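Q: Taken in order, these protein sequences are the chains called G and Y.
This note's numbering numbers the first residue of the first sequence as 1 and each following residue consecutively.
This note's numbering numbers the first residue of the second sequence as 1 and each following residue consecutively.
The set of hints was computed from the structure by calculation and includes no laboratory data.
As the structure is a computational prediction, the values presented were derived from the model and not from experiment.
Lysine-lysine pairs mimicking DSS-like chemistry, simulated, CA-CA at most 30 Å apart:
(1) K9(G) <-> K103(G)
(2) K141(G) <-> K9(Y)
(3) K117(Y) <-> K103(G)
(4) K117(Y) <-> K9(G)
(5) K141(Y) <-> K9(G)
(6) K176(G) <-> K103(Y)
(7) K79(Y) <-> K79(G)
(8) K179(G) <-> K103(Y)
(9) K117(G) <-> K10(Y)
(10) K41(G) <-> K103(Y)
(11) K244(Y) <-> K117(Y)
(12) K244(Y) <-> K176(Y)
(13) K21(Y) <-> K179(Y)
(14) K21(G) <-> K117(Y)
(15) K117(G) <-> K9(Y)
(16) K41(Y) <-> K244(Y)
(17) K220(Y) <-> K9(G)
(18) K41(Y) <-> K9(Y)
(19) K103(G) <-> K176(Y)
(20) K141(Y) <-> K10(G)
(21) K141(G) <-> K10(Y)
(22) K79(G) <-> K10(G)
(23) K103(G) <-> K41(G)
(24) K10(Y) <-> K220(G)
(25) K244(Y) <-> K21(Y)
(26) K41(Y) <-> K117(G)
(27) K220(Y) <-> K10(G)
(28) K79(Y) <-> K141(G)
There are 2 protein chains.
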Amino acid sequence: MIAIPDPLKKSMLYSIEAGGKRIRPILMMASCEAFGSTYEKVLSASVALEMVHTYSLIHDDLPAMDDDDYRRGKWTNHKMFDEATAILAGDALLTYSFEIISKDSQLTDSHKVFLMKELAEASGPRGMVAGQVLDMEAENKMITVEELEMIHHLKTGQLLKCAIRSGAFMADANQKQLKAMETFAYYLGLIFQVQDDILDVTGNPNKIGKAVGGDEQKLKSTYPRLLGLDGAIQQKQRYVQLAKSKLLEADVNSTILEELIEYFNQRDH
Amino acid sequence: MIAIPDPLKKSMLYSIEAGGKRIRPILMMASCEAFGSTYEKVLSASVALEMVHTYSLIHDDLPAMDDDDYRRGKWTNHKMFDEATAILAGDALLTYSFEIISKDSQLTDSHKVFLMKELAEASGPRGMVAGQVLDMEAENKMITVEELEMIHHLKTGQLLKCAIRSGAFMADANQKQLKAMETFAYYLGLIFQVQDDILDVTGNPNKIGKAVGGDEQKLKSTYPRLLGLDGAIQQKQRYVQLAKSKLLEADVNSTILEELIEYFNQRDH
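Pulled out of the complex, with its shape left as it was, chain G reads as follows (with noise of 0.2 Å):
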C-alpha cells in the first residue's frame, strides 16, 4: 500500500472539505449519547457514514446523473476536477468508509460487523443506490405521495436510519427502542425532504448555495407539487408529530434529538 495520490486526495478531500450540515454524524452521536453512552464510540463510523454521504453526491451531480455545476455554492467535484476524478474520489470515499470502520483499534469485531453492515445495507442496492435508480425513474412524470415516500425512504432516509441505529445499538439500546428509533428516523428523513422541497421553491439561493426552482424546471415530483405549498408545510407538521411521538416510545429523554426535529422542520438551507 502507498499513500493516496495526490490528485485523488485533493478531489477526495475537496467534497469532504466543502461543508455540508453533518447532519449524518451529528445524528448518530446525538443517538449514542441519547441513551447512555459518549459520542467517541461512534466516532469512525460518524466518519465513514459522511464520506458515504459525501461519494453519493459527488456521483449524483455527475452529467450523466443530476449534472449540477454547483453544491453548497461552491463547484461540484467533476467541475473542480474531471469527471473520471470524480467517479474515483466516489469510488475511494465509499471504500475508505468500510476500511476506516475495520481498523478502529477501539471497537470490538462484533461492533465492527453490526456498523459494516448496517453502512452496506443502507447505501446499497436495497437502500441509498436503490432510491436514487427510483428517483431517476420517476423524473418527467407524476408519481403518487407513497411512491415518494419511498423513494426518500430510500435515497436520504437509509442513511439517517443507519445513524441512528448505529449511535442506539452501540450504547446498548434494546430491541424494542431499536425499532422505535427507526421509525424516528424514517419520520425525520420524511420531514428533511419535504422542507428541501419547500425550499426549491421558497428559499434564498444564497442560503442554499445553488439555484432555486431546479425540481420544477427538471419535472421532478415534489411535496409542493403534488399537495400544494399549504399541503406540504401540513404534511411536515404531521411527521413532526409522528417523530416526536417516536422518542417518547423509545423512551429517550435527549434534548439534542428533539432539538434536531426542529432544525430539520425550519433549516433555511
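Assemble chain Y onto chain G, guided by the hints.
A: Here is chain Y on its own, set in the frame of chain G:
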C-alpha cells in the same frame, strides 16, 4: 429494505454474467485449499471479490474513463444501459460486496472483519483506485518499468493479493506463509499484466473479445512498448520463476496454483 429495483438488478447482473475468467475467486479458493481448508470457507468472500472486480470494470469502461464500447465481446454496461445506470450498478456492486460478507452466517465476526478489511484496503484509495488514478496520469507519457510495475501492482495486483491472502488466512496460514503468498500474488499480477500487454499486440481479437492495438492508439505505457516484444516475454519468464519460488517458500504443494501460474503465462484471452 426493498427488493433491488429491476433496472438496477438487470444492470448489475448483466456485467456479472457477462463472462470473465473468475480468476480472483478461483485464486482465493485455490489459496484456501492449498493450506488445507475447503473452498466453502471463502465462498461469500470470493463472490464479493468478483463483484468488486466487476464494479471496477464497469466504471473503467465509462466514457469519462477508458470509453470502451465492448468488453468480453459484449457491449459495456453503459452502452447496454446508460451511463447513469452503469455508475449506479458499479456503486451497488461495490457496496453489496461488503453486505454479503457481513451477513455470511458461516463466518465468525473476526473472520468477517479480516475479509472486509482486506477487501477495502485492496480496492480503495491506496489500492486499486490509486492504480487507476496513476494509470490515467501515465497516459500519453513514457514512464519507467518500475513505475509501470507500481501501477499494475495497485490496479490489478491488489485484488489478486486480497484473493490469495484471504484464502490463506482463512485456512490458518502462518505469518511467514502469508508474507510469501503476498509476494507470490505480486508476481502473479505482473505475469498477468505483461501477458495482457502482449495480447494487445499479438492477440486474436475474436478470442480476446475486444479490438487489439488499443494500448498503442492511446499511447499507453506497456511492457512491449517499454521493453520491446521479446524483452516483455523475457520479463514475464523472470516473473514466472519468482512466483514459483514463492510457492516453495510458503511451503505450499498446490497443483492448482502452479497450473494457474502457467495459465496466466500462456493465456490467449
